[in-house]
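Chemist: Whole structure, please, built from the sequences with the hints as guidance.
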Amino acid sequence: MANLTTDIAGLRLRNPVMTASGTFGYGTEYEDFVPLEQLGGIIVKGTTLHPRQGNPYPRMAETEGGMLNCVGLQNRGVDYFCQHIYPQLRDIPTNFIVNVSGNAPEDYAECAARIGELEAIPAIELNISCPNVKHGGMAFGTTVEGAQSVVRAVRKAYGKTLIVKLSPNVTDIVAIAKAVEDEGADAVSLINTLMGMAIDAEKRCRLLSIGTGGLSGPAVKPVALRMVWQVAHAVGIPVIGLGGIVSATDAVEFLLAGASAVEIGTANFLDPAVTIKVIQGINDYLERHGFTSVKEIIGLCE
Amino acid sequence: MTHRKYILDLTLTAVEQLNERCALLRATDPTAPLPPMQAGQFAQLRVDNSPHAFLRRPISIHNVDRERNEVWFLVQIVGKGTKGLAQMKCHERLNAVLPLGNGFTLPERQTERVLLVGGGVGVAPLLLLGKQLSERGVRPTFLLGARSEKDLLQTEHFRHYGDLHVSTEDGSLGERGFVTQHPLMHEAHFDRVYVCGPKPMMVAVAHWAKSGNIWCEVSLENRMACGIGACLCCVEDTSEGHVCVCTEGPVFNIEQLKWQI
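These protein sequence lines are chains Z and G, in that order.
With this note's numbering, letter number 211 in the first sequence gets 211, and the count goes up by one each step, no holes.
With this note's numbering, letter number 194 in the second sequence gets 496, and the count goes up by one each step, no holes.
Among these hints, one or two may not hold up.
Said to hold, decoys possible - Some chain Z residues near chain G, calculated using beta-carbon distances under 7 Å: (1) 24; (2) 25; (3) 29; (4) 32; (5) 53; (6) 54; (7) 57; (8) 58; (9) 59; (10) 60; (11) 62; (12) 269; (13) 273.
The hints are simulated quantities; they were obtained by calculation from the structure and are not laboratory data.
We treat Cβ as the ideally placed atom computed from N, Cα and C, and that holds for glycine.
Modeler: Here it is as structure tokens:
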């Protein structure tokens, strides 16, 4: 058995495999399929200061090698999370990380501060990259100034590990990554979904209620891998890689590109037990190639 | 209601083409007895032989044959995923996540008069419902509708569990027209009605039930991705806001829905 432990700015993970926000619920939805304590971490669904109903149905369209969604951050708000969800999670021995979103820097900061009071939540992932909400979300993540304003506000309000999730819908993701690093982010995760669209030719109408949605799945993997590689070479903070990972080989590619850990998203829909198979497969890869620790392969691909 | 869910590698024991658009898949678990399943629950079936179908397909549990340890699925071809499933061959492996969602609410008393209305491939969950009702001593009335005689599915199986009435849009079998135009809907009295089929049909039957003050459950088939309440894609607008059809449904009482009925 190789040593699979990795760390994200001091946050220790028993292995590099986490689940991506919005694809794994609060983790408990998967309890019949996955021993949650065997995961490196669980990033729970996007949480906002106030409850959100999300976008109207239909919110999903299948595409070639992937899917589009425009859920729009449906959630019951941070108070509900703290009072009703957190008590169900706090005794499960894995890293629960809350994905935090908002409409304004002050909302992000207040939501982050509330999560910061929860003893068993060691980190947050700041979502400045959701393409499915009109105000906030990706609007902050597509400019250096927007990203800086949110991270600056949250950094003052939140003392634990701060991960910032980046949007691929930008001209220069490296510039955004450097900007959030300068504002005190402890790590970055990338990529969020790529903005896309689907049309039904027979019915001559759009397939998603708001027209556009975020593309995920294997179709986006080469884009994600490229961006992880670019960002990992440009920043000094750890990078978490995600985008289209469905197998251990995919995960290893992200580690080789410079990611210290990975997140698995859409693949959970194809095989609810995929995370455990990826963890096992990473170990098999390391043993097959004579590595004793997963840290040895992080960034090996120049 | 929570049920333990499983990921199973089933083996197809039979694939029967019922008409040019619909196949009956019968599958067994060669390693263990199949888990408990309720009428109205569904499975997420993996499509292995179509590279263009990315996600699993949610398919109703049509029947459970405990003696043969079989679960049956009715698959109507509506796109590339269902085409891949309907073209599977006997002895092939069928990977299924099941049982998912909540089933129909069974009557409390044996004396209740129960109507099951199905349209097209929407008849699928009503066979297992008919069976589970008959096991409880309730003899249901089935009213099944389709475009044409060849589109009426599994009628001989339904007849086994209750009184069968049919209507076809072209009049090739039974009454001509939609199920809501069938004389049964106006002449007989029922305490409960269960509906599954195309949305316009379900809305029409729900309207009829509501105006007659009849308890009514419908089974929805919103487009979904995960099937287990994680992705929030398949939501229906209800009296409690947006809820997942996969975990809060697919069966809903019409009083919960915001349909204009």
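Chemist: State for each hint whether it applies.
Modeler: Evaluated hints:
With its C-beta approaching chain G no nearer than about 6 Å, residue 24 of chain Z sits inside the 7 Å limit, and its interface hint holds. Taken as an interface hint, residue 25 of chain Z checks out: its beta carbon lies about 4 Å from the nearest beta carbon of chain G, inside 7 Å. Against a cut-off of 7 Å between C-beta atoms, the interface hint on residue 29 of chain Z holds, since the closest Cβ of chain G lies about 5 Å away. The restraint placing residue 32 of chain Z at the interface with chain G holds, with a minimum CB-CB distance near 4 Å, inside the 7 Å limit.
Of the supplied interface hints, the one on residue 53 of chain Z holds, with its beta-carbon coming within about 5 Å of a beta-carbon of chain G, less than 7 Å. Evaluation of the residue 54 of chain Z hint against chain G yields a held restraint, the C-beta minimum of about 6 Å falling below 7 Å. At a threshold of 7 Å, the smallest CB-CB gap from residue 57 of chain Z to chain G is about 5 Å, leaving the interface hint in force. The criterion of a C-beta within 7 Å of any C-beta in chain G is met by residue 58 of chain Z, whose closest approach is roughly 6 Å, and the hint holds.
Evaluation of the residue 59 of chain Z hint against chain G yields a held restraint, the C-beta minimum of about 5 Å falling below 7 Å. The beta carbon of residue 60 of chain Z comes within 4 Å of a beta carbon in chain G, closer than 7 Å, and the hint placing it at the interface holds. Annotation: residue 62 of chain Z was flagged as interfacial toward chain G, and the flag holds, the nearest CB pair being 5 Å apart, inside 7 Å. Because the beta carbon of residue 269 of chain Z sits about 5 Å from the nearest beta carbon in chain G, less than 7 Å, this interface hint is met.
The criterion of a C-beta within 7 Å of any C-beta in chain G is met by residue 273 of chain Z, whose closest approach is roughly 6 Å, and the hint holds.
Taken one by one, the earlier hints all hold for this structure without exception.
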